[in-house]
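Could you build the full structure based on these sequences and the hints that come with them?
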Amino acid sequence: MSEIAVPKIRIRGLTKRFGDKLVLDGIDLDVMPRTSTVVIGGSGSGKSVLLKCVLGLIEPDEGVIEIDGTDVLKLDRSEREERRAQIGMLFQNGALFDSLPVWENVAFGLLARRMVGRAKAREQAVEVLAQVGLAASVGDLWPAELSGGMQKRVGLARAIAARPDVLFFDEPTTGLDPIMGAVIDGLIVDCVKNLGSTAIAITHDMLSARRIGDRAAMLYHGRIVWQGPATDLMASGNEMVDQFTHGRREGPIQMELRK
Amino acid sequence: MNALLDFVARIGRIVLGACLQSGRLTVFAIEGVSHVFRPPFYGRSFLRAMLEIGYLSLPVVALTAVFTGMVLALQSSTGLSRFAADSAVASLVVLSVTRELGPVLAGLMVAGRVGAAMAAEIGTMRVTDQIDALTTLSTNPMKYLVAPRLLAGLIALPLLVMVADILGVLGGFIIGVVKLGFNSGIYLNNTLDFVRTDDVVSGLVKASVFGFLISLMGCFHGYNSKGGAQGVGAATTSAVVAASVLILAFDYVLTELFFAR
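Chains D and C, in that order, give the protein sequences.
Per the numbering used here, the first sequence starts with residue 1, numbered consecutively.
Per the numbering used here, the second sequence starts with residue 1, numbered consecutively.
Source of the hints: derived by calculation from the structure; they are not laboratory data.
Keep in mind that a hint or two might mislead.
[Stated by the list, open to error] These stretches of chain D come out as covered by chain C in the derived footprint (C-beta under 8 Å, 3 or more residues):
no.: 1; region: 85-92
no.: 2; region: 107-117
[Unchecked claim] Here are the simulated distance ranges between beta carbons:
no.: 3; chain 1: D; residue 1: 6; chain 2: C; residue 2: 241; range: 49 to 57 Å
no.: 4; chain 1: C; residue 1: 257; chain 2: D; residue 2: 141; range: 34 to 42 Å
no.: 5; chain 1: C; residue 1: 257; chain 2: D; residue 2: 148; range: 53 to 61 Å
no.: 6; chain 1: C; residue 1: 229; chain 2: D; residue 2: 148; range: 17 to 25 Å
no.: 7; chain 1: D; residue 1: 252; chain 2: C; residue 2: 241; range: 44 to 52 Å
no.: 8; chain 1: C; residue 1: 237; chain 2: D; residue 2: 113; range: 31 to 39 Å
Quick caveat, the model's predicted, so the values are computed rather than measured.
Note that the Cβ used here is the ideal one computed from N, Cα and C, for glycine as well.
Following this line, the structure appears as structure tokens:
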């Protein structure tokens, strides 16, 4: 008898409103263990809100978010904090702490959870920096001294430092030149593979989506309008996905110029 | 009629908004204070806040105190001489500085310097997702950012005011002796004979309350800032204005509590 595959992350009926605006309208999404799912969609389609709901940064109005079969929305505060320790997140702009040097940024999660002392944390930070292609000397710099690409690498190093089960990436290549974008995508793929993590990335960079994702889903007006293998993105057969991935002005998606 | 209704509705919105903001501030303060007593404790954040509020504010508070003492001696001398009461200059300076001007002026200077910096730092962290990043790294932002600053404000401002008290009296002494021709020994005797422990202690208690209010306003407005650079700017302004007004209001309340007969 074959085993039934259980999703690592299972989302059902996820709904979120901000005032009158329905941002997420009953999202259903499964992410299988050790796979990467890319969520694409235009600006304001609800991608970031979806990610923040799964992370527990925004409380959804309705729905279920299960990680490893546990509904995280039903956990109390301390249980959620414990759960978050298994999740790493790369923010769009890096979100590095300005007041801390790079190595402390990378080791922040380890130090915050009192997992190691400062000397050991520094050693580990240097090791993780090496994994994302940065020299040990970068550890002594301040975030403001880094280029955009280096900030992304440090953000990635911070996300993977505690070897999380689940990784989230918010627009990982935004603001980077194409070569640096490819480098970051490559690092993401390597990290996810090496850690054996499950990943969700949100992006509107099609090249990045195909490089990172095993599967892809498209969000439009708070709903998932298509999902399938990431390799099918450019020839999905779905009018909305085709318009989005090929960047056409004409099609079912109309830009809202004024709301 | 419509204009009247619009006016009443506007007033209603303002009152409701103020109530909502007061409620949020109260909840924020209670949560912040509760984290002061619950582990884990972030000693480095606390020491950094102490350095920022206390040590780095020393020059501005010291200069303010010296000049205030000097002006006070000069002004009181010209006023008191009309009643042939010049000898009361020393006691007037020491009482004014320890009870009122030390804590209030130090509070206002620190509100301008530190309250603004706190709101700007935390506000920038908010709009650049750094506060969300803290949460994803299993760190409670209230515990890491707010609680150490509230505690540091509570402790650092009385220390600053102790220095301000000494320097304010010194400013008065310099003017009294050099410009007004008082005998230095008699001036000092008048100062020490007249000042009582509760004058100094009441000023230090006021300073503690003001320090807490400055940190609370800086953290609250920064933590709730929205909308990029403009939002951070607005939060900074609000933090300084709110802290300054609250310092003056609480100064009255505490004076009433300590000294009203």
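Comparing the hints with the structure gives:
Residues of the region 85-92 of chain D lying with their CB closer than 8 Å to a CB of chain C number 6, which satisfies the three-residue condition for coverage. Counting residues of the region 107-117 of chain D whose beta carbon lies closer than 8 Å to any beta carbon of chain C gives 5, which meets the minimum of three for the stated coverage. The supplied range of 49 to 57 Å is met by residue 6 of chain D and residue 241 of chain C, whose beta-carbon atoms lie about 55 Å from each other. As the Cβ distance of residue 257 of chain C to residue 141 of chain D is approximately 51 Å, the hint placing it in 34 to 42 Å is violated.
A hinted range of 53 to 61 Å holds for the C-beta pair residue 257 of chain C and residue 148 of chain D, which are about 55 Å apart. Hint check: residue 229 of chain C to residue 148 of chain D, Cβ distance near 19 Å, so the stated range 17 to 25 Å holds. Here the CB-CB span from residue 252 of chain D to residue 241 of chain C is close to 50 Å, well matched to the stated 44 to 52 Å. For residue 237 of chain C and residue 113 of chain D, the Cβ-Cβ distance of about 37 Å falls inside the hinted range of 31 to 39 Å, so the restraint holds.
Violation of the numbered hints given earlier is confined to hint 4; every other hint is satisfied by the structure.
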